[in-house]
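A.B. asks: Sequence lines, in order, name chains A and B.
Here the first sequence is numbered in my numbering, starting from 1 and rising by one per residue.
Here the second sequence is numbered in my numbering, starting from 1001 and rising by one per residue.
Hints listed in this document are in silico derivations from the structure and should not be mistaken for laboratory results.
Bear in mind the structure is a predicted one, so any value in this text is a computation, not a measurement.
Fair warning: there could be bad hints in the mix.
Mimicking DMTMM-like on lysine to aspartate or glutamate, the simulated pairs with C-alpha atoms at most 25 Å apart in a straight line are [unchecked claim]:
1) K1380(B) x D1359(B)
2) K1013(B) x E174(A)
3) K38(A) x D1359(B)
Which chain A residues stay away from chain B? Per the calculated CB distances, all over 10 Å, these [stated by the list, open to error]:
4) K4
5) F10
6) E174
7) Q181
8) G250
9) E348
All residues carry an ideal CB built from backbone N, CA and C; glycine is no exception.
What follows is each chain in one-letter form.
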Amino acid sequence: MAKKIGVWFFTRLLVVVAFLLVLNEIYKSTLYPRDVQKYSRVKNRIDSAFALGDIIYLGESSNTSFNPWTDTLNQSIGDFLQLYIQDGRRVEQITHEGYHPGLFLKMLNLLPEDVQSGKTVILGVNMRTCGPTAMFSGNEASNQREALFYSRRPPLLTRIFMGLHFYDNRNELERESLKVQWWRTQKLPVPEETVMLWNEGIAQNCHSELSPEIKAMAGAYIKEFGFILDDENQRVSDLKEIVNICKAKGINLIFHVLPPNRYHAKRLFGEKLVKIMDANHDFLMERFKQWGVETVDNYFLNEANEINAAKKGSYFTDQWYPTEHFNAHIRRAIAENIAARMLKKSPESQEFQAIKSGVSLQLEQNNYPNWSIVMPLSDSLIRTDILN
Amino acid sequence: MLLASYFFYGFWKIEFAGLMLLTSLLDWFSARQLHKSSVKSVRLFWMWFAIGTDLFLLFMFKYFNFALGKSWIADALYHHNETAWIIELGKYTIPAGISFYTFQSISYVVDVYRGEEVPENNPIKFMLFVSFFPQLVAGPIERFGKLHTQLFAKYSPQLEDLKNGGRLLLYGLFLKVAVADNLAGVVDQFYSNHLQYTGASTWLAAFMFTFQVYYDFFGYSLMAQGAALLFGIDLMDNFNKPFLAGSVPEFWHRWHISLSTWFRDYIFIPVGGNRSGKWILSFSVLLVFFTSGLWHGANSTMIYFGLSQGLLYLFDRFIVGRRGSEHPVGLFLRRLKTGFFFMITLVFFRSQSLDQSFDVYRILFQGVHISNANAAELLKLSAESQVWLFLTVGFVFDHFIMKNRADKWFGNQNLALRWSVYLFMLTAILLFGGAVNHPFVYFQF
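Kindly produce the complete structure, drawing on both the sequences and the hints.
C.D. replies: Given below as structure tokens:
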């Protein structure tokens, strides 16, 4: 009986394998391009960006987001960077909302070793993506599905993995539970000890004078930035792996650290939350130094600091939630700092000043937050609630 | 097999494997105790002890957020690191298949009480009856007498079982991945923004959800049967062409048969059934459908779903009767009516809240749009051609071509036709499987 079953099984297996080989070829030349277009928007960009560009900017939404009400200059950080890089090198960009080092790592893994040598990759490091809120975001399942296509495996196999959901496809509820677990268990150097207790305190009893909107905003800031980075953090491991891969492939890698909204964090909590954020920043900078990766530190970027913000209004386009979405002032300044490092020039150099003045008129005219036309700005409420 | 079943279940959440173990051991012990005694009160005590603890555990875990989640006990537990995980576990996850294995286990205890089954002496064997992995998470809900005998019969692999098991797995996977998951994409699109769609789109969404839930669950049931058959175990058929039913009572004889018969044997008949007049019958029917609604989930939409089916059952039974059933046209209209009734009540089943259900009903029956959008701004729900193709293929095959179970039908076809269908289904699964993850609808129950 066993022999009979064996023969029966293997003959059918052979037929199926032969069929799959043919199907793979048919799929590759018919439906696969459509699936890439539909389910993995930036897949094709990876090949073209690395083929055409000398400098490849990998960014999440901070690269391109702008405030449609006030920010009439919509150039991305990568676009501004190209303004400064005038030595003939071409800047290409791969931007995807909600992306993080784990997904950029998959992109870089995809690149063949031989053709990449000498190219420069600039990766925006968004500290918030290392925290549980971003790490267990509801968008992650669709991000992971997209990343299935960053692979050299036979296209049919990718389609099978997608159809059978063979990737990290935990649903929002499962991710929510992981977030909550983190918020409950990770100890913070604050009297409330954990994000959970800190947030509960704000929501329930303390600060009863605060408006519900500000309480919600304060809760969001705690949840987004209230974490302690260490070497066990998945994003830190991913960043380290990116450094290793780039070294192995001969790619020049530059990390640039994005500025968080320290201004609002300070307005809401004084030094309490900012200290945690700064400690995480210091941790990352120390690791980057250890790994020997070139880093442009925009964490304390002048344009994003509280002095300017208090004077002119925040340059962060999301006023009610902590994001790294900036108006053109910050995007340009970030690009300038990156370019200065790459070209080994001072931002104060004549050449840079000339470029800056080329866009400054537009910036001055168009890019101050207009307090009267945008949605109510949290800053005005914070001022009412806390400062008065 | 027991280890494989517990590994399969515990792989997802080890804590819930412990819960299943507890249920199994309590019922095994209770059944033995009641069997030992000839005193009715003692026997009753052990039966109700088992049922009570089973339902208590089911209630606490499945209806956690409804029951314990908001209580002071939850608050107290949550503020201690040692116990907080219990609350997080209960709050964010429901033990998969808890309703299925709890009902299966209860049926065993009741059958032993009634003297229809002899209790199993070996707890390991009983644990396997409760946890047998192909049917653990979404049924069919098997009876001890049928499954236990097969599980422990001497077995040597049979080529015919492997063939039939493989056929059922393939066909079930086709129905789930190619038909149901593709329909789910369209339905989700509608329900994520239901007020923005036209009336015609609302009808289309209701229609598509009817077949999504059917092919999702039917597909799973076939795969469960197929997986079990690979081990020589023949599980019961859970569906029998339900959309050919001419009445609501007949529909429930064809839909989720293992649950319907469970309700019949353990609630409907003991309460009075159809032997004690119209009022008792009506009460029994409504009780069954209310319980069935509650079984599906601890929210008002599911209770409305159950009760509306109950009322339609009584309407068909007492008012429509057998009118038109002898004539082909009449029969066709009866089938249409039954399918329509089911489709309409499923709006409760799919909606996230009662408000959403009533919004959908208003659009369906009054053509009233609650959104401020102008008619021209309303969205039109559309489905890609593959969705229609697979739905048509699934329906025609399932309801008209296959006169008996899929594996038998395949076995009777010639090689060329058989393999053409296999390869068609394989292509559909591999190239057109739904891209968005839609867990089996009945996993949540």
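A.B. asks: Are there hints from earlier that the structure breaks, and if so, what are their numbers?
C.D. replies: Hints 3, 4, 6 and 7 are the ones this structure does not satisfy, whereas the remaining hints hold.
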